[in-house]
Amino acid sequence: MLRLLLKSVCLAIVTIALGGCLNSHTTQMPSLDFLHPQNPEIEKRSYELHDPYPDELSGPSTMARPRAFNKQRTRDRRAFEQRALEGRGIPHGTAAPRLPSAQWKYPDAIRE
Numbered sequence: 001m002l003r004l005l006l007k008s009v010c011l012a013i014v015t016i017a018l019g020g021c022l023n024s025h026t027t028q029m030p031s032l033d034f035l036h037p038q039n040p041e042i043e044k045r046s047y048e049l050h051d052p053y054p055d056e057l058s059g060p061s062t063m064a065r066p067r068a069f070n071k072q073r074t075r076d077r078r079a080f081e082q083r084a085l086e087g088r089g090i091p092h093g094t095a096a097p098r099l100p101s102a103q104w105k106y107p108d109a110i111r112e
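Position 52 (the sequence shown) corresponds to 52 in UniProt numbering; numbering is contiguous.
Warning: the hint list may mix true and false statements.
[Stated by the list, open to error] Okay, the calculated beta carbon distance ranges per label pair:
1. Ala12 / Ala84: 32 to 42 Å
2. Pro66 / Ile42: 20 to 30 Å
3. Leu18 / Pro66: 29 to 39 Å
[Stated by the list, open to error] Using 20 Å as the maximum straight-line C-alpha spacing, the simulated SDA-like pairs for lysine to any residue come out as follows:
4. Lys7 / Ala17
5. Lys71 / Leu57
6. Lys7 / Leu18
7. Lys71 / Ser61
8. Lys71 / Glu86
Derived by calculation from the structure, the hints in this document are not laboratory data. Glycine is no exception: its CB is placed at the ideal position from the N, C-alpha and C atoms.
Could you build all of it, start to finish, from the sequences and the hints given here?
In structure tokens:
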């Protein structure tokens with residue numbers, strides 16, 4: 001009985017501790033894509049590599065960048081990504097949902 005209680009307490013502590021690691025900015029949970037297909041451009045951008053090295057202009061060159069990161073992103077691209085992270089801009093290529101076509105299924109419904 002004591003062993004079961006100890007296992008339950010340990011499991012609860014681990015669950016609570018790991019729960020703090022999950023957030024929408026760093027974790028991508030699996031989804032059922034066939035139910036809610038995503039825009040291909042958004043999906044493509046989600047797989048872009050993140051440059052782990054700081055801006056080369058902010059300090060001396062360390063000559064430690066891997067070959068894949070030799071070409072740094074442009075200043076405009078970095079500003080665009082920063083705005084997107086802060087929620088201040090809609091990424092290009094996305095659009096708001098369209099209104100239904102002229103052939104309205106419910107003619108007595110109120111349209112705004």
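Hint check results:
| no. | hint | verdict |
| --- | --- | --- |
| 1 | Ala12 / Ala84: 32 to 42 Å | holds, 37 Å |
| 2 | Pro66 / Ile42: 20 to 30 Å | holds, 26 Å |
| 3 | Leu18 / Pro66: 29 to 39 Å | holds, 30 Å |
| 4 | Lys7 / Ala17 | holds, 15 Å |
| 5 | Lys71 / Leu57 | holds, 13 Å |
| 6 | Lys7 / Leu18 | holds, 16 Å |
| 7 | Lys71 / Ser61 | holds, 13 Å |
| 8 | Lys71 / Glu86 | violated, 25 Å |
Checked against the numbered hints given earlier, the structure breaks only hint 8 and satisfies all the rest.
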